[in-house]
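Enquirer: These are the residues of each chain, in order.
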Amino acid sequence: MTMTNSSNTQAAPVVRFDGVTKTYDDDGVQVEAVRSVSFAITPLRFTMIVGPSGSGKTTLLNLIGCIDKPTTGRLEVCEQDVAALTDDEVTDFRARHVAFVFQSFNLFPVLTAFENVEYPLLLLGVAAGERRARAAAMLDAVGLASLGHHRPNQLSGGQKQRVAIARALVKGPALVLADEPTANLDTHTGAEIIALMRRIQDDQAVSFVFSTHDPQLMSHADETFAIRDGRLEEGAP
Amino acid sequence: MMMLKIAFRNILRNRRRSTMTLLAIAVGAIGIVLFGEFVRFVTAGLETGAVEKVGHLTVFRTGYFAFGAGNPTDFGIDDYAGVVRLIREDPALAPKLNVVTPIVSLAGIAGNFDLDASKTFLGTGVVPSDRDRLSRWDEHGVSRRRIPPSSGLRDDDQTRGVVGVGLARVLGLCERLKVGDCPPRPRAPRANGAPLDDDLAGLALADRAGSRPPDGDGLPRLDLLAATAGGAPNVVSLFVGRAERQGVRELDDNFVAMHIALAQKLVYGRTPPKATGIVVQLRHTADLASVRQRLRALFAERHLDLEIRDFAELQPFYKQAVGMFGAIFLFISLIMGVIVLFTVVNTMGMSVMERTTEIGSARAMGVRRSGIRRLFVTEGAILGAIGATAGAALAQAIASAVNHAGMMWTPPGQAAPIPLEILTAGSTGLIVRVWLGLVVAATLAALVPANRGARLPVVDALRHV
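Protein sequences appear in the order of chains W and Y.
Residue numbers are given in the working numbering: position 92 of the first sequence equals residue 92, and the series is strictly consecutive.
Residue numbers are given in the working numbering: position 315 of the second sequence equals residue 552, and the series is strictly consecutive.
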């Protein structure tokens with residue numbers, strides 16, 4: 001495990017793993033995707049989880065995102081032991097504190113770009129006027145103010161990812177998880193997206209956790225955790 | 238609102254599949270609504286046919302319904318005119334009444350002695366003008382395109398009567414009464430045939446001697462023989478104005494209607510005349526229960542030993558036919574409902590499968606399981622609502638086309654063909670029930686795949702390809 005940037009070390013970690021193991025049942029065979037992992041993620045950083053395919057980085061990201069639960073060990077996200085929450089409670093927790101940026105964008109195809117950005121606020125019960133204002137401001141922040149009425153199929157890959165970033169950040173989450181956010185983008189667009197996320201992070205004081213292979217993205221890391229065969233590696237990736 | 242918008246747009250996503258689903262629901266709605274309206278027409282027709290003949294309620298002397306046919310004297314209503322007046326003049330009943338009229342039911346032998354032909358008959362003595370008013374009852378409008386034929390009976394002519402077409406055929410009156418579909422009467426081999434009973438012929442001749450001149454209006458004449466109250470045979474002459482189809486062969490072969498005074502003369506002879514029943518026809522069938530209750534109270538107040546029967550009791554065929562059509566309607570509705578159910582289950586199941594990643598994304602963003610369930614159930618309900626609305630509207634258009642096509646049919650228990658109709662008037666209740674039923678079926682059908690989608694683990698849903 002390597003920390004490439006040591007600022008903010010005094011703040012409470014946004015994520016804390018303590019002896020976490022995650023085991024999957026794969027057709028009767030128990031597979032340990034994450035093995036007794038202990039580490040903490042410092043808030044307000046660009047944190048990278050890196051490793052080869054099948055190493056367990058996506059599982060780690062799923063655990064951080066509270067869409068999966070540890071088999072053993074303790075996991076705290078935003079100081080909350082997520083394993084102790086019911087399904088509805090953990091869902092509400094995600095709605096408030098965690099946001100995702102997916103590799104394949106995962107925008108809702110029946111909603112316009114504007115509606116996609118507005119949607120997380122709807123889940124939080126934000127009033128219509130405020131919802132619209134915040135969605136418009138967020139779309140403006142990612143440079144898509146003029147494309148709000150477009151459906152995802154009318155946008156390019158880079159534009160879709162911008163909408164996905166706007167959707168993730170509009171609710172002001174504590175933690176944004178991005179699984180290979182640049183994998184489906186060309187190098188130039190990928191660089192733009194990284195720059196955008198960095199700018200927004202500076203503006204909004206959000207912690208970003210990435211799972212990536214992309215050296216371009218990895219070069220922006222404040223903090224990097226390397227994982228192999230479900231275990232965190234000592235030393236730099 | 239957003240949920241509705243998303244659900245509606247999701248329906249429009251796979252237009253071909255949604256169209257097929259909507260078609261299935263619409264066809265279901267068309268089938269149920271059209272058949273339901275047709276059943277309403279048939280039921281209304283059966284009710285009209287029964288009420289035209291026997292009114293809504295018939296008042297009998299207690300015991301007549303079970304035993305009285307064999308003893309009309311003991312089971313006749315003595316002061317029937319008083320009872321009729323009592324009913325007509327009751328302020329609670331008066332506005333609900335259409336016709337209150339006495340009848341005399343009797344059985345005997347009808348003979349056309351010119352042809353040496355005789356036949357048992359079942360007769361009814363009626364007040365002719367009341368009988369005509371009874372036959373014009375048409376609360377449901379099913380007979381509005383039919384002009385009720387005049388019975389040919391007159392209040393001021395006690396000798397006229399009407400017979401069933403079967404009786405007219407048996408007694409050789411077809412030609413003179415211009416009955417269609419009547420085979421020519423073969424000449425009876427006199428040598429082998431038994432001569433007419435001397436006593437019967439004698440009685441007939443004796444009666445004729447005291448009556449008006451035979452065939453005064455050129456009408457065929459029958460001699461009716463029945464036993465009087467004392468058991469003595471009695472004969473009267475009847476001039477047959479017309480032959481009527483009764484709809485049931487047994488009744489066609491036996492039916493005789495005559496002036497009540499003639500029936501009373503035949504049954505009661507010189508003793509004071511009675512009525513075997515008092516027919517009460519209401520303006521609206523819906524009043525039946527309240528009128529029955531009031532009549533009971535009225536008879537109890539006056540210590541009248543009378544019982545009341547409704548048309549369904551007097552015409553068991555009505556109940557059977559209504560029950561049968563009701564069962565067929567239920568069966569068809571269930572089949573249509575099941576088709577709709579499976580179609581929507583299939584459509585929503587495919588939709589859940591195709592949108593698994595979306596479900597995962599929504600759950601990751603903070604949509605609860607109940608939110609996913611609600612979305613798919615809303616889509617099912619919208620499909621049901623659109624399909625059922627389109628189906629109900631199309632059903633009305635088809636019904637209108639059928640009603641204007643001029644098709645004819647003979648309903649069960651009816652004598653003559655009538656225009657085939659699909660009763661659209663007053664169908665709002667049926668349409669609302671069908672609409673709600675289909676929407677509920679589509680909603681319930683969506684619940685199964687919706688549950689499946691909602692229960693998907695978020696990680697598995699996001700990984701779905």
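Each hint should be verified, as a subset may be incorrect.
Stated by the list, open to error - Cβ-Cβ distance ranges computed for the label pairs, FRET-style:
{"id": "1", "chain 1": "Y", "residue 1": "V702", "chain 2": "W", "residue 2": "G172", "range": "47 to 55 Å"}
{"id": "2", "chain 1": "Y", "residue 1": "F579", "chain 2": "W", "residue 2": "D18", "range": "47 to 55 Å"}
{"id": "3", "chain 1": "Y", "residue 1": "V702", "chain 2": "W", "residue 2": "T86", "range": "28 to 36 Å"}
To be verified - If you want the ones that stay clear, here's a sample from chain W, every Cβ over 12 Å from chain Y, calculated:
{"id": "4", "residue": "G19"}
{"id": "5", "residue": "V29"}
{"id": "6", "residue": "G73"}
{"id": "7", "residue": "R74"}
{"id": "8", "residue": "D88"}
{"id": "9", "residue": "R94"}
{"id": "10", "residue": "S104"}
{"id": "11", "residue": "N106"}
{"id": "12", "residue": "E118"}
{"id": "13", "residue": "A128"}
{"id": "14", "residue": "A133"}
{"id": "15", "residue": "G158"}
{"id": "16", "residue": "P173"}
{"id": "17", "residue": "D202"}
{"id": "18", "residue": "H213"}
{"id": "19", "residue": "D214"}
Unchecked claim - Which residues of chain Y face chain W? A few of them, derived with a C-beta cut under 10 Å, are:
{"id": "20", "residue": "L241"}
{"id": "21", "residue": "R246"}
{"id": "22", "residue": "R250"}
{"id": "23", "residue": "G417"}
{"id": "24", "residue": "C419"}
{"id": "25", "residue": "S570"}
{"id": "26", "residue": "G608"}
{"id": "27", "residue": "R610"}
{"id": "28", "residue": "R611"}
{"id": "29", "residue": "V695"}
{"id": "30", "residue": "V696"}
Quick caveat, the hints were computed from the structure, so don't treat them as lab data.
Just so you know, even glycine gets a beta-carbon here, dropped at the ideal spot from N, CA and C.
Enquirer: State for each hint whether it applies.
Expert: These are the hints, each one checked on the structure:
1. Our hint of 47 to 55 Å for Y/V702 and W/G172 is violated, since their Cβ atoms are close to 32 Å apart.
2. At roughly 51 Å, the beta-carbon separation of Y/F579 and W/D18 lies within the given 47 to 55 Å, and the hint holds.
3. Distance hint check: the CB atoms of Y/V702 and W/T86 are about 30 Å apart, consistent with the given range 28 to 36 Å.
4. Distance to chain Y confirms W/G19 as a non-interface residue, since its nearest Cβ pair spans about 21 Å, more than 12 Å.
5. Its beta-carbon lying about 17 Å from the closest one in chain Y, W/V29 satisfies the requirement of being farther than 12 Å from that chain.
6. Here W/G73 stays apart from chain Y, with its beta-carbon at least about 18 Å from theirs, past the 12 Å limit.
7. Against the 12 Å criterion, W/R74 stays outside the reach of chain Y, whose nearest CB is about 20 Å from its own CB.
8. At roughly 5 Å from the closest C-beta of chain Y, the C-beta of W/D88 falls inside 12 Å, breaking its exclusion from the interface.
9. Not every CB of chain Y lies more than 12 Å from the CB of W/R94, the least distance being 5 Å, so the non-interface label is violated.
10. A beta-carbon of chain Y comes within 12 Å of the beta-carbon of W/S104; the shortest separation is about 8 Å.
11. With a closest Cβ-Cβ approach of about 4 Å to chain Y, W/N106 is found to fall inside the 12 Å limit, against its non-interface label.
12. Against chain Y, the non-interface label of W/E118 is violated: not every CB pair exceeds 12 Å, the least being about 8 Å.
13. Not every beta carbon of chain Y lies more than 12 Å from that of W/A128, the smallest distance being close to 9 Å; the non-interface claim is violated.
14. No beta-carbon of chain Y comes within 12 Å of the beta-carbon of W/A133; the shortest separation is about 16 Å.
15. Every Cβ of chain Y is farther than 12 Å from the Cβ of W/G158; the closest lies at roughly 19 Å, confirming the non-interface assignment.
16. The Cβ of W/P173 sits about 10 Å from the closest Cβ of chain Y, inside the 12 Å cut-off, so the non-interface label is violated.
17. No Cβ of chain Y approaches the Cβ of W/D202 within 12 Å, the least distance being about 24 Å, so the stated non-interface status holds.
18. Its beta-carbon lying about 18 Å from the closest one in chain Y, W/H213 satisfies the requirement of being farther than 12 Å from that chain.
19. The Cβ of W/D214 lies farther than 12 Å from every Cβ of chain Y, with a closest approach of about 20 Å, so its non-interface assignment holds.
20. With a cut of 10 Å, the hint placing Y/L241 at the interface with chain W is violated, because the nearest CB-to-CB distance is about 12 Å.
21. For Y/R246, the interface hint holds, the least distance from its beta-carbon to any beta-carbon of chain W being 4 Å, beneath 10 Å.
22. For Y/R250, the suggested interface contact is upheld, since its CB lies about 6 Å from the closest CB of chain W, less than 10 Å.
23. Look at Y/G417: its Cβ only gets to about 68 Å from chain W, farther than 10 Å, so that hint breaks.
24. Restraint check, Y/C419 versus chain W: the minimum CB separation of about 73 Å is more than 10 Å; hint violated.
25. Given the 10 Å rule on beta carbons, the hint for Y/S570 is violated: about 34 Å separates it from the nearest Cβ of chain W.
26. At its closest, the beta carbon of Y/G608 sits 8 Å from a beta carbon of chain W; the interface hint therefore holds under the 10 Å criterion.
27. Proximity of Y/R610 to chain W is violated relative to the hint, the smallest CB-CB distance being about 12 Å (cut-off 10 Å).
28. For Y/R611, the interface hint is violated, the least distance from its beta-carbon to any beta-carbon of chain W being 13 Å, above 10 Å.
29. Taking 10 Å as the C-beta contact cut-off toward chain W, the hint placing Y/V695 at the interface holds, the least distance being around 4 Å.
30. The closest approach between the C-beta of Y/V696 and any C-beta of chain W is roughly 5 Å, which is under the 10 Å cut-off, so the hint is satisfied.
The structure shown violates the earlier hints numbered 1, 8, 9, 10, 11, 12, 13, 16, 20, 23, 24, 25, 27, 28.
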